[in-house]
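Engineer: Chain by chain, the residues:
2 protein chains.
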Amino acid sequence: MTEDRYFEDYIPGTVFEYGEIRVNESEILDFARRFDPQDMHVDPAAATRGRFGGLIASGWHTGAMMMRLLADNFLPKNASLASPGIDELRWLRPVRPGDVLCIRVSVLEATPSRSKSDRGMVRTLIEVLNQDADVVMTLKPMNIIARRSYS
Amino acid sequence: MTEDRYFEDYIPGTVFEYGEIRVNESEILDFARRFDPQDMHVDPAAATRGRFGGLIASGWHTGAMMMRLLADNFLPKNASLASPGIDELRWLRPVRPGDVLCIRVSVLEATPSRSKSDRGMVRTLIEVLNQDADVVMTLKPMNIIARRSYS
Chain A
34 MTEDRYFEDY IPGTVFEYGE IRVNESEILD FARRFDPQDM HVDPAAATRG
84 RFGGLIASGW HTGAMMMRLL ADNFLPKNAS LASPGIDELR WLRPVRPGDV
134 LCIRVSVLEA TPSRSKSDRG MVRTLIEVLN QDADVVMTLK PMNIIARRSY
184 S
Chain B
34 MTEDRYFEDY IPGTVFEYGE IRVNESEILD FARRFDPQDM HVDPAAATRG
84 RFGGLIASGW HTGAMMMRLL ADNFLPKNAS LASPGIDELR WLRPVRPGDV
134 LCIRVSVLEA TPSRSKSDRG MVRTLIEVLN QDADVVMTLK PMNIIARRSY
184 S
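Going down the list, the protein sequences come from chains A and B. Residue numbers in the first sequence follow the working numbering, run continuously in steps of one, and reach 184 at the last position. Residue numbers in the second sequence follow the working numbering, run continuously in steps of one, and reach 184 at the last position.
No lab work stands behind these hints: they were computed from the structure. Hints are not guaranteed to be accurate.
Identical copies carry no separate label here, and so any pair may be met within one copy or between two of them.
Straight-line distance between alpha carbons at most 25 Å, and here's what the computed SDA-like set of lysine to any residue pairs gives [claimed, not checked]:
(1) Lys149 - Glu58
(2) Lys110 - Thr81
(3) Lys149 - Glu53
(4) Lys149 - Arg55
(5) Lys149 - Arg123
(6) Lys173 - Tyr39
(7) Lys173 - Ala115
(8) Lys149 - Thr81
(9) Lys149 - Cys135
(10) Lys110 - Arg147
(11) Lys149 - Glu50
(12) Lys149 - Val168
(13) Lys173 - Glu121
(14) Lys173 - Glu142
(15) Lys149 - Ala166
(16) Lys149 - Ser59
(17) Lys149 - Glu160
(18) Lys149 - Gly52
(19) Lys149 - Arg66
(20) Lys110 - Asp167
(21) Lys149 - Lys173
(22) Lys110 - Asp76
(23) Lys110 - Val168
(24) Lys149 - Leu62
(25) Lys173 - Gly87
(26) Lys149 - Asp165
(27) Lys149 - Pro130
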């Protein structure tokens, strides 16, 4: 994680890219058996007969892998206070065993809090891409980040 | 999972409740070490000193636990085709070790596809509640469900 990044460092219009994360079948199965045991995620044979033509990752797993790249690279270690939520999360294409994912993070807005002068809200567009540069997932999260002047 | 539920069975206005899932510290740590290694999720001592006063679950973990309740209880085993995404995901309160979660699923809309007559889109509001009936997370997912008449 970035030790010394603060709200002021998130400049609207800037774009960052981070990765890679390689997706493998055993991790898809592990995650899905625990959290999303639908055939397309946990049963390779049934998934092969199904509409995606093979096993695909749970969308929550793809989101969790995205989160790992975000926590490791984009969010500050000390100044990341919380996330109120996410708008417009979309799963656009399947994620399959062997895929290699990266993320592109575009800073959309950075708004100082009106009620709490020690922090601000950063809104981003995150695109998750695979090795063919296909966008597999997009989302617009919000993150509350501490201001440097109050650290 | 529900073997024999189809698009026609998701009636707007109906409300379902499912649960429980008990949250424990080791699962919070396991998930977060893999996917969301921020101090508030992976370091109990630092989390105790932090703004939440103790360890809290990654929001993606709360979402994944919600997904398990949804897959086990609400989505049909055969007729659940895909999810295009989620709108308005909000993390409203922290989820802590020892919490017991359930979900309330309200069917908002059920719209037959105009382009593919074998399916429709179901939109829901999902509220994740803890043992004190506090709403800790809300989201509005979309699910594409097969129509019975085409099964």
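Engineer: Against this structure, judge whether each hint is valid.
Structural biologist: Tested hints:
1. Taking the shortest alpha-carbon separations for Lys149 and Glu58, neither the intra-copy value of 45 Å nor the inter-copy value of 31 Å comes in at or below 25 Å.
2. In the homo-oligomer, the alpha carbons of Lys110 and Thr81 lie at most 25 Å apart only across protomers (16 Å), although the nearest pairing inside one protomer, at 42 Å, exceeds that limit.
3. In the homo-oligomer, the alpha carbons of Lys149 and Glu53 never lie at most 25 Å apart, since the shortest distance is 36 Å inside one protomer and 36 Å across protomers.
4. In this homomeric assembly, Lys149 and Arg55 never come within 25 Å of each other (Cα to Cα): the closest approach is 40 Å inside a single copy and 34 Å across copies.
5. Taking the shortest Cα distances, Lys149 and Arg123 sit within 25 Å of each other only across copies (20 Å), while inside one copy they are farther apart (31 Å).
6. In the homo-oligomer, the alpha carbons of Lys173 and Tyr39 lie at most 25 Å apart inside one protomer (19 Å), although the nearest pairing across protomers, at 31 Å, exceeds that limit.
7. Taking CA atoms no more than 25 Å apart as the test, Lys173 paired with Ala115 passes in both settings, with 15 Å inside one copy and 21 Å between copies.
8. With identical chains, the CA atoms of Lys149 and Thr81 are at most 25 Å apart between copies only, with a shortest distance of 22 Å across copies and 52 Å within one.
9. Proximity of Lys149 and Cys135 under a CA criterion of 25 Å is satisfied in neither setting, with 34 Å inside one chain copy and 32 Å between copies.
10. Proximity of Lys110 to Arg147 under the C-alpha cut-off of 25 Å is restricted to the intra-copy arrangement: shortest distance 24 Å within a copy versus 47 Å between copies.
11. For the identical chains of this complex, Lys149 and Glu50 are neighbours neither inside a copy (30 Å) nor across copies (36 Å), given an alpha-carbon limit of 25 Å.
12. Taking the shortest alpha-carbon separations for Lys149 and Val168, only the inter-copy value of 24 Å comes in at or below 25 Å, while the best intra-copy value is 36 Å.
13. Both within a single protomer and between protomers do Lys173 and Glu121 lie at most 25 Å apart by alpha-carbon distance, with minima of 6 Å and 10 Å respectively.
14. For the identical chains of this complex, Lys173 and Glu142 are neighbours both inside a copy (11 Å) and across copies (23 Å), given an alpha-carbon limit of 25 Å.
15. Proximity of Lys149 to Ala166 under the C-alpha cut-off of 25 Å is found in neither arrangement, the shortest distances being 40 Å within a copy and 28 Å between copies.
16. For the homomeric pair Lys149 and Ser59, neither the shortest alpha-carbon distance inside one copy (45 Å) nor that between copies (33 Å) is at most 25 Å.
17. When the C-alpha separation of Lys149 and Glu160 is checked against a cutoff of 25 Å, the pair qualifies neither within a copy, at 30 Å, nor between copies, at 28 Å.
18. Taking the closest pair of Cα atoms, Lys149 and Gly52 never come within 25 Å of each other, the shortest separation being 33 Å inside a single copy and 36 Å across copies.
19. In this assembly of identical chains, Lys149 and Arg66 lie within 25 Å of each other by CA distance neither inside one copy nor across copies; the values are 42 Å within and 30 Å between.
20. Taking CA atoms no more than 25 Å apart as the test, Lys110 paired with Asp167 passes in neither setting, with 30 Å inside one copy and 29 Å between copies.
21. Taking identical chains as interchangeable, the C-alpha atoms of Lys149 and Lys173 lie at most 25 Å apart only when both belong to the same chain, with a minimum of 23 Å there against 29 Å between chains.
22. With identical chains, the CA atoms of Lys110 and Asp76 are at most 25 Å apart between copies only, with a shortest distance of 12 Å across copies and 38 Å within one.
23. In the homo-oligomer, the alpha carbons of Lys110 and Val168 never lie at most 25 Å apart, since the shortest distance is 28 Å inside one protomer and 28 Å across protomers.
24. In this assembly of identical chains, the alpha carbons of Lys149 and Leu62 never lie at most 25 Å apart, being 43 Å within a copy and 30 Å across copies at closest.
25. For the identical chains of this complex, Lys173 and Gly87 are neighbours neither inside a copy (29 Å) nor across copies (27 Å), given an alpha-carbon limit of 25 Å.
26. In this homomeric assembly, Lys149 and Asp165 never come within 25 Å of each other (Cα to Cα): the closest approach is 43 Å inside a single copy and 28 Å across copies.
27. For the homomeric pair Lys149 and Pro130, neither the shortest alpha-carbon distance inside one copy (44 Å) nor that between copies (28 Å) is at most 25 Å.
Going down the numbered hints, you'll see the structure goes against 1, 3, 4, 9, 11, 15, 16, 17, 18, 19, 20, 23, 24, 25, 26, 27, while the others check out.
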